[in-house]
Every structure is written in structure tokens, then in C-alpha cells.
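2 protein chains.
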Amino acid sequence: MPDDLASASSASRRRTDAPDAVAPPPVGRDGTGAAAQVEDLGVVDSLAQLSFLVQAALGKVAAEHGLSIIQLRLLGVLRDRTPGMQELARHLGLDKSSMTGLVDRAERRDLVRRTASPHDRRAVLVSLTPQGHELVRRGAVEVDRQIRALAAHLTDAERSQLSRLASALVAGHMTI
Amino acid sequence: MPDDLASASSASRRRTDAPDAVAPPPVGRDGTGAAAQVEDLGVVDSLAQLSFLVQAALGKVAAEHGLSIIQLRLLGVLRDRTPGMQELARHLGLDKSSMTGLVDRAERRDLVRRTASPHDRRAVLVSLTPQGHELVRRGAVEVDRQIRALAAHLTDAERSQLSRLASALVAGHMTI
DNA sequence: CGATGTAGTACGCGACACGAACCACTTGCC
DNA sequence: GGCAAGTGGTTCGTGTCGCGTACTACATCG
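So the sequence lines, in the order shown, correspond to chains A and B.
Oh and the first sequence: position 164 is 164 in this note's numbering, straight run, nothing missing.
Oh and the second sequence: position 102 is 102 in this note's numbering, straight run, nothing missing.
Because the hints were derived from the structure by calculation, they are not lab data.
Heads up, some of the hints might be wrong.
[Claimed, not checked] Calculated from the model, a selection of chain A residues having no Cβ within reach of chain B, i.e. all distances over 12 Å:
hint, residue
1, T115
2, A116
3, D120
4, R122
5, A123
6, R148
7, R164
8, L165
[Stated by the list, open to error] Here are the simulated DSS-like pairs of lysine-lysine, each with C-alpha atoms no more than 30 Å apart in a straight line:
hint, chain 1, residue 1, chain 2, residue 2
9, A, K96, B, K96
10, B, K60, A, K60
11, A, K96, A, K60
12, B, K96, B, K60
13, A, K60, B, K96
Glycine residues also receive a C-beta, built at the ideal position from the N, C-alpha and C atoms.
Turn these sequences into a full structure, and let the hints steer you where they fit.
Shown next, in the form of C-alpha cells:
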């Protein structure tokens, strides 16, 4: 369904071209799986398009439960935490003023609860309600299914390689 | 900056755990690069988190030029096409009614132009203005830089492997 | 105690996305 | 030819999201 997803990158320019300049000629060594017969888009385009695919999958799951991606993420963060608004904002990369509305809407649906902090009378602690817990549990199952479906064409070896490489890339940006 | 990005997946549950069940024990064979020393998050979590990293990078580039991700994507799609609104909507995965506003705002900034189709008096064709072209050109350079920076920790071999695998995954979803 | 900082909220604004309703035109069919 | 059905776009109303600014209440430091 997502056809081009061009992502403002150069994806669409190349249709029957040679591989990207950055990727040394397909060293074609260990290649026996699906990856071997596919035109290499280059790091930039492949990651950009991949990100849109994944986001679309997440959006689909969220929509199935009447949520947006950001709401689903909110619930996800709260699975094992009971942070204040500020901390929550940091986790989601939002401004604290954006959190108020986000939590308001989730609270209105009884997915989330605000409780007064015992140690700081200014602060509130945000936590999942039972319904929130249940919803995020089912959501996680669906996310798992959807993303696994994305990688279904790959061989087991390729999939676990991709997992390792993506993990390594991600690991380089979560420090601090 | 994006700390957890938990993405409603199980990312945050595991902090010091064993690798995911789906990923067979790190076969540690070809491993000499960064990926070898990193905890494997599993396909689902690693791809989810990766997608948020990439989206954040794209959002940063867009913001640098006063655009949103979707606007940047719009310009990207128009780089080598002059589609109608409907087709544009398909490319971006949006409803046609959403396109009107999107193109309106881009047109108001002189990045995009509507012209009457010569063959169908109902249709309009959307194309980039010279300024739109210039902006998307600079944007693409920045996107390239940003995404490459994300993958900077990987070795050349890992990077091109990742590129191949991501390309293969993406290729399985662009058919039709 | 007062000055300064921090946690949250309120408000206004604009972008984004959808569905439903609506024209204007095209196409298919009799 | 002419009408029914389909298609391309827009408009409108609604809701979500995200920001910046301003403001209140409390904490902390001196």
C-alpha cells in the first residue's frame, strides 16, 4: 500500500540504476537470501523508507485501538514507569506543555491516571489504569506481529543480522 | 536526546536481559564491528527504535528549513513527478481531502504550483517551483548527512550490510 | 524570610488528518 | 445524443498534536 514513501530522499530517482555511491559494489559474498537479489538503495534511502514502513505499521496498530502513535508510545513508556510530566516529556521528546493535553486525552479515556506525588506537592505521577495496561499489552502483541510481518521476506539469518545491526546503530544513540 | 523512544514495544522492559527469544543466540561469527558488542534488542524493538531515530533526523532536517516531515516528503515526491492530487495522496498514504490543505500550504510558500491538466479539465497537476526544487535539493543533502551520521558508529561492512538488508525488506513492500 | 528555580497548567495558534458533502467533469452504456 | 455512474478536487467541521508564552503553586537556597 505505501508505494513510494520517497521521504524527500532520492529514492524515486533511481529505478533501474546502479547501487549508491556510498555502498561499495555489492560484495556479494554471504548473499544467499532475499537481500542478494535486490537492488541496494543505499543507507540513506533504505533507512528512510524503512522508517516510514515501520511508522506505518505502528500507526496501523494504534489506529486499530483507536489511538495515535504518540498515545501508544505514551502507554508504552508507562508500562514500567510512573514518571512525572517533565520526565515523561523527556522520554517522548516533547515540550512539557504538550504533555498536559496528551495526558488529558489519555486520562479522559481512562487509560492513564494522575496521582499526587508524595514527596513533592507540585508534581503529579502518571500511571496506567488497568484498562491502559490491558490495551498496551494487546497493542504490544500487535506491534510484534506487524513488524515481524514486515521482515517476513527475509531469511532467519538475514532477520537476525538486521536485528543485530539495527540494535548496534540504536545503541550508539541512547547513551547519557 | 531521544532517550527511550519505547514505541509501545517491549524495549524498556529489558535492560540487562538476555537477547530476544526470536533472535537465535548471537552466533558471533562474522562479528568484529560495533554490532558484536551490543545487546540485541530483537527485530521488533530494534526496528521500532531505529524508525524513531530516523524520523527524528528527518524532522530535524525539515525543521531547519521551516518545514514538517510531511512537507519535505511532499517536495521529495515531486522531484521527479508531476502527479495529480489523487496520485499524490496515494504516494503519501493520505486521504485526498488531506492533500488540499497540504498543497495549499506549500503553494502559499511558493514551493509548489498547481497547473491545469491538459487532458482532464477536472484534474490539476502539482509540480515544484524553482524555489521548491532548490529547497528539496538542499534538504536532500542534509538528510543524507544526518542519516549517515546515525550510522557513523558502524563499520563500512556493517553499514553496507544494513543497507542491503533494509533494501531487501523495503523491496518486499513496494510491489504493485 | 525573600529570591530564585522547578512542576504543571492554561491559552492561543497553526499544522495535520479524517470523513462527509459537494461541484465539475469524464466515461460507459443504452 | 443523452443520461447514469464514476472520478478528481475542494470545502467544511471536528479532533489531535505540538509549540511558545504566561501564570500559579510549591521547593530550595541563601
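To see whether the hints hold, each was checked on the structure:
no.: 1; hint: T115; result: holds, 20 Å
no.: 2; hint: A116; result: holds, 24 Å
no.: 3; hint: D120; result: holds, 21 Å
no.: 4; hint: R122; result: holds, 23 Å
no.: 5; hint: A123; result: holds, 19 Å
no.: 6; hint: R148; result: violated, 6 Å
no.: 7; hint: R164; result: violated, 5 Å
no.: 8; hint: L165; result: violated, 4 Å
no.: 9; hint: K96(A) with K96(B); result: violated, 33 Å
no.: 10; hint: K60(B) with K60(A); result: holds, 24 Å
no.: 11; hint: K96(A) with K60(A); result: holds, 27 Å
no.: 12; hint: K96(B) with K60(B); result: holds, 27 Å
no.: 13; hint: K60(A) with K96(B); result: holds, 19 Å
Hints 6, 7, 8 and 9 from the earlier list are contradicted by this structure; the remaining hints agree with it.
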